[in-house]
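Engineer: Each chain, letter by letter, is given below.
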Amino acid sequence: MLFAVALGFVGWTWWGSLVPDTYSMDDMGVADFGGGEAVAHEAAHGGSAVGVDTLTGPPDGEPDVSETLVARAGKVEIGGDGARAVDGYTLNDTSPGPVIRAKQGDLVEVRLVNESVPDGVTLHWHGVDVPNAEDGVAGVTQDAVQEGEEHVYRFVAEDAGTYWYHSHQVSHEQVKRGLLGTLVIEPARGPSTDDVVAAVHTYSGQRTVQGMVGEQHVEAAAGSTRRVRVVNTNDGAVRTWVSGAPYRVVAVDGREINGPTPVEGKTVSVPAGGRVDLEVEIPDDGVRVSFGGGASLVLGPADADAPTDDEPKQRFDPLTYGSPADIGFDPDAADRSFEYRIGRRIGFLDGRPGFWWTINGSIFPDVPMYMVQEGDVVRMTISNDSGKVHPMHLHGHHAVVLSRDGVSASGSPWWVDSLDVRDGETFEVALVADNPGIWMDHCHNLIHASEGLVAHLSYVGVSTPFRVGGADHNHPE
Amino acid sequence: MRSTYRALAGLIAIGVVLQAATIALAWFGVMNDVDGGAVYDEGTEYNAGQSLHAILGMIVIPVLALLLMIVSFFTKVPGAVKWAGLVLLVVVVQVLLAFASFGAPILGTLHGANALVVMGAAGMASRRVQSSVGAPEQATAQPTAGAGAGA
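The listed protein sequences derive, respectively, from chains A and B. When we follow my numbering, the leftmost residue of the first sequence carries the number 1, and every step to the right adds one. When we follow my numbering, the leftmost residue of the second sequence carries the number 1001, and every step to the right adds one.
Chain A with its partners taken away, still in its complex shape (with noise of 0.2 Å):
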């Protein structure tokens, strides 16, 4: 008898788990509202409701910066010495894509054609605050580019820094083999300093910089200082160092850090979809940074041969780095505050048992829909008692870190777009409701994302004409 109510209760929690083949995110989810007011979620249902597909940047205008990418499935071409050929993606082929470069204030276009990609594919800003229509996620913000057909995306590149795009349509397998590549945004009044591209990506087991396995010679004449601008396209953290001479944090996730301090014998920890950007003095015998893996770039003259160090134990902490800053707005005054707990249990995701992450406490679709107003103050606490880590990548905003673990931020305003939350850890962020729209708020471990660590915030009135699955295909994840 015990045994048939318990074999009912898991038959039950199986047909409960389903998700249907085709759903729309408007419907997705357990609404929250932070403890800020219950506004009609109906709204998004109803006449007056804005669509996804309105919040387009500036549909007029010649751009500035112009560029096509095509995409195609094939072999990626992998540099350095016993480097081999991987089965992949690429972008006007090569892989990572090209670097895009715009300056402060540039109206960007770029026309993105899906030449042989089976699958479908879309490109994402990662870090860069675009309108809603211009965030490249399939099922959410727009229909996948299938094979044949192309999509235009038109932004203003308004904050500068270091940003990268890749696919978010399968986008656990498509960025993985290479549909990815850089996007550098620069100061309107131009860069102080020369910079270095450092797009960290691993092919197949063949970890690589710029697409290059083993050391690569970047010159640069001793005394001069340069900005190497690290990307990290992985699904996990990359450890970055440098040898031969201290260097400064000068920007994290695009965001500049204010009073950099000399940094000297310390990783800094990259988080997976994470930007760090250091400024370094190019010695007389020239300057190693280290990604792990074999993985280098020399910076020096010609004949330079900087030194090759362990990897420090110690770890950098941006935390209580560089100087407080005005951040803009008060925390304190929060309209609303979410609770993000992220844990792992045994239970069915889709009909399919497994050990699988959780949000709040359930497994996903039922995950909550955090839903906002624009112009709120909203605080929300990152937790993480799953075990792994989980790189946190919220889409169209930053985020500024209050406190790890109890413990005040107390450097440079710390503003995030990625962010790792260790197992055990609790982050309580912050931000500003400014940019309208449907936003995935998920882990950029993307096989994690897959498995259903994904939730999205919500502005109320909002909703999308897009559907994920069904015949359009739209597999986000």
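These aren't lab readings, by the way, just hints derived from the structure by calculation. There's no promise every hint is true.
Said to hold, decoys possible - One side of the interface only, derived from the structure: several residues of chain B facing chain A at Cβ under 8 Å:
1. Asn1032
2. Asp1033
3. Asp1035
4. Gly1037
5. Ala1038
6. Val1039
7. Met1058
8. Ala1100
9. Phe1102
Said to hold, decoys possible - To list a few chain B residues with every Cβ distance to chain A over 10 Å, as calculated:
10. Ser1003
11. Ile1014
12. Ala1026
13. Leu1088
14. Thr1109
Keep in mind it's a predicted model, so treat the numbers as computed, not measured. Every residue gets a Cβ at the ideal spot worked out from N, C-alpha and C, and that includes glycine.
Given the structure of chain A, go ahead and fit chain B onto it with the hints provided.
Structural biologist: Relative to chain A, chain B alone:
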């Protein structure tokens, strides 16, 4: 039912041996790959040993343990239910230890040690039924017992 019970318990014990074999295959595979210049990170897919270990440990052995539990209710051998329950318990503990070990690798030592407990419990369960087959005073002297043993 008794022979089914015995077979299931035996398969669980053999499963533990296979788990020791697959995890060794996994680790030597990793070291061999690294020797050849490969980098292991979050994006690295499981090698053959890791995949087999995951499938056996998360699906095959737990399913066998559940079946053993179900079958145990029909064997009518004293202690069969108790031993099947114990096997299921230590299998669940084994899976939980595995997942806890990702965050706290030191618990992996318990995962390794508990594997031997799983094998011991499965072996004891198997022997329990076997000995009762040879001991008529414990068996419920039914003609179906023989038929069951032949099924």
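Engineer: Let's test the interface hint: is any C-beta of chain A closer than 8 Å to that of B/Ala1038?
Structural biologist: holds (4 Å)
Engineer: Quick check on the hint: B/Gly1037 CB to chain A CB, less than 8 Å?
Structural biologist: holds (7 Å)
Engineer: Quick check on the hint: B/Met1058 CB to chain A CB, less than 8 Å?
Structural biologist: holds (7 Å)
Engineer: Against chain A, is B/Asp1035 within 8 Å by beta-carbon distance?
Structural biologist: violated (12 Å)
Engineer: For B/Ala1026, is the shortest beta carbon distance to chain A beyond 10 Å?
Structural biologist: holds (15 Å)
Engineer: Holds or violated: the hint that B/Phe1102 contacts chain A, with Cβ atoms closer than 8 Å.
Structural biologist: holds (4 Å)
Engineer: Minimum Cβ distance from B/Val1039 to chain A below 8 Å?
Structural biologist: holds (4 Å)
Engineer: Given a cut of 8 Å on the nearest C-beta pair, is the interface hint for B/Ala1100 held or broken against chain A?
Structural biologist: holds (6 Å)
Engineer: For B/Thr1109, is the shortest CB-to-CB distance to chain A above 10 Å, so the non-interface label stands?
Structural biologist: holds (16 Å)
Engineer: Is the shortest C-beta separation between B/Asn1032 and chain A less than 8 Å?
Structural biologist: It is violated, given that the least Cβ distance between B/Asn1032 and chain A is near 12 Å, above 8 Å.
Engineer: Could you let me know if the closest chain A CB is still more than 10 Å away from the CB of B/Leu1088?
Structural biologist: holds (12 Å)
Engineer: So B/Ile1014 supposedly isn't at the interface. Is its beta-carbon more than 10 Å from every beta-carbon in chain A?
Structural biologist: holds (23 Å)
Hint check: violations occur at hints 1, 3; the rest are consistent with the structure.
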